[in-house]
Amino acid sequence: MSGTRAVHDPNSPAREGASEVTVRLVGEHALLVELDTGAAVEALHAALLQRRETGDLPPVREIVPAARTVLLDGVDDPRALAAALPSWDVPAVPARAPETVELPVRYDGPDLADVAALWGVAVDEVARIHAEAEFRVAFCGFAPGFGYLTGLPERYAVPRRATPRTSVPAGSVALAGPYTGVYPRSSPGGWQLIGSTDAVLWDHARVPAALLSPGTRVRFVPAGPAVRS
Amino acid sequence: MTDSAFAVFRSGALTTVQDLGRAGHAHLGVPRSGALDQPAARLANRLVGNADSAAVLETTLSGCALRPRRNVTAAVTGAPCPVTVDGRPVAWGAPVRVPAGALLDVGAAVAGVRSYVALGGGIATEPVLGSRSTDLLSGLGPAHLADGAVLPLGAETGRHARVDTAPQPAPPAELVLRVTLGPRADWCTPQSLKTLTTRAYRVSPASNRIGLRTEGPALERAITGELPSEGLVSGAVQVPPDGRPVVFLADHPTTGGYPVVAVVREADLWAAAQAVPGTPLRFVL
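If you're matching them up, the sequences are chains X and E in order.
According to full-length UniProt numbering, the first sequence is numbered sequentially starting from 1.
According to full-length UniProt numbering, the second sequence is numbered sequentially starting from 1.
Derived by calculation from the structure, the hints in this document are not laboratory data.
In this text, all values refer to a predicted model and were calculated from it rather than measured experimentally.
Hints should not be assumed to be uniformly reliable.
[As the list claims (entries may be wrong)] Reference excerpt, derived from the structure (chain E facing chain X, CB under 7 Å, subset only):
hint, residue
1, 23
2, 128
3, 180
4, 228
5, 230
6, 235
7, 254
8, 255
[What the hints assert, rightly or not] Incomplete in silico selection of chain E near chain X, CB under 10 Å:
hint, residue
9, 32
10, 183
11, 229
12, 231
13, 232
14, 236
15, 257
16, 260
17, 263
[As the list claims (entries may be wrong)] Using C-beta positions, here's what the derived DEER-type ranges look like:
hint, chain 1, residue 1, chain 2, residue 2, range
18, X, 208, E, 265, 29 to 35 Å
19, X, 199, E, 162, 53 to 59 Å
20, E, 285, X, 166, 39 to 45 Å
21, E, 148, X, 206, 29 to 35 Å
22, X, 167, E, 82, 40 to 46 Å
23, E, 242, X, 166, 17 to 23 Å
Where is the CB? At the ideal position from N, CA and C, for every residue including glycine.
Model the full structure from these sequences, guided by the hints.
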């Protein structure tokens with residue numbers, strides 16, 4: 001990202017090979033940094049955390065990565081930070097090796113057959129393809145401890161269910177768009193359910209409360225009788 | 001349960017425990033939560049000698065009634081309402097002494113929506129991620145009050161304020177929300193942005209702690225595609241598919257995929273917490 005400039009025109013062309021960064025002011029105390037790839041979001045997020053730790057970032061209340069943006073909220077002087085940020089030298093790879101979490105999963109979801117049809121593969125193949133992927137928590141949202149995991153090849157993106165379920169059980173492993181997610185608690189939901197895990201994604205009495213946080217690497221490890229080796 | 005507690009005699013329509021919220025966890029999907037009318041909650045605490053960060057009760061329209069098990073100083077702020085102790089009228093917006101076993105009744109709001117009830121020592125439910133606030137979106141913090149529930153109280157300092165009544169802003173007859181445009185103003189047509197900042201809206205009865213919903217002219221999108229989910233702030237004016245702007249309040253989701261075309265100034269959000277359904281509403285630049 002080094003050497004790019006802040007642009008306020010979203011239509012300005014991205015320079016070849018460089019990750020373009022657009023900084024948008026959000027009210028009086030926040031700014032939204034827009035990047036062109038999920039990898040650039042991860043790199044900037046890691047750099048922001050690093051800078052916060054070393055005192056090289058003005059005080060901020062929240063640093064919220066998302067699909068293509070990082071939100072900085074509770075900033076005293078967002079204009080000054082917006083002006084400075086695009087000239088930062090952001091390492092492409094986070095300095096620290098991210099934590100890896102293995103989630104045991106039974107591929108027994110009610111939408112397995114539908115997902116297999118969408119992918120154009122046999123039902124058994126869904127588990128194999130999913131368990132082979134290396135996932136990363138791109139961001140959290142929807143509910144405390146719900147991570148949006150990227151890592152499946154693009155061709156495996158699926159739409160949400162036409163009719164959302166009124167109740168999805170806690171521990172459901174589900175797909176929507178390019179993402180995999182695990183429901184931390186029972187809630188309504190429209191994602192395609194392919195499996196279930198006994199892992200506790202969120203426990204506010206535990207430190208840390210969230211099993212998955214932005215940047216965490218995740219592997220799904222097949223368990224139980226639904227997967228034949 | 002020790003004697004340092006109170007029993008809920010009448011829980012009211014929706015009464016929750018609130019403090020200044022659990023900031024710093026938005027990246028995990030945890031809303032900030034906290035009192036919707038923060039100046040009123042802080043004032044109530046100061047009147048009874050609590051720290052600003054102590055937990056208070058936030059009522060909704062119909063008040064609540066409590067029976068403390070020890071002598072306690074109480075103060076009611078925010079939406080004006082009749083306050084009685086064992087049936088005798090006492091001051092609103094000032095510290096009042098409630099003897100052990102007496103009934104503190106916080107009546108229905110005569111204006112505004114949310115009254116704040118501070119009790120000396122503060123409400124001492126177990127904090128979750130550093131806050132006692134009830135978060136109605138994600139279910140963190142204590143459950144909303146139920147008749148017969150007993151909640152613990154902290155130790156009183158004994159240094160309550162010596163005032164007869166503290167000045168407080170009246171709930172708004174018309175809600176004027178000053179906004180700055182962006183970050184996704186370009187997702188609405190220029191004409192729609194003009195509509196937003198010039199036409200009359202009303203506060204919808206579907207409003208809650210998550211967002212102030214509006215009735216009025218729908219905004220038209222210039223970009224109809226899907227916006228990848230991005231982080232949200234309090235005061236964000238989001239345009240959902242029906243085009244009626246929603247102003248996000250304390251229990252708002254941490255990320256969202258509908259465009260935020262403007263953001264309300266923080267200083268104006270407290271008044272939004274007190275605007276009853278039907279209140280005329282204007283967004284101004």
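These are the hints, each one checked on the structure:
| no. | hint | in the structure |
| --- | --- | --- |
| 1 | 23 | 5 Å, holds |
| 2 | 128 | 5 Å, holds |
| 3 | 180 | 6 Å, holds |
| 4 | 228 | 3 Å, holds |
| 5 | 230 | 4 Å, holds |
| 6 | 235 | 6 Å, holds |
| 7 | 254 | 5 Å, holds |
| 8 | 255 | 3 Å, holds |
| 9 | 32 | 8 Å, holds |
| 10 | 183 | 4 Å, holds |
| 11 | 229 | 5 Å, holds |
| 12 | 231 | 3 Å, holds |
| 13 | 232 | 8 Å, holds |
| 14 | 236 | 8 Å, holds |
| 15 | 257 | 9 Å, holds |
| 16 | 260 | 7 Å, holds |
| 17 | 263 | 3 Å, holds |
| 18 | X:208 x E:265: 29 to 35 Å | 34 Å, holds |
| 19 | X:199 x E:162: 53 to 59 Å | 55 Å, holds |
| 20 | E:285 x X:166: 39 to 45 Å | 41 Å, holds |
| 21 | E:148 x X:206: 29 to 35 Å | 31 Å, holds |
| 22 | X:167 x E:82: 40 to 46 Å | 42 Å, holds |
| 23 | E:242 x X:166: 17 to 23 Å | 21 Å, holds |
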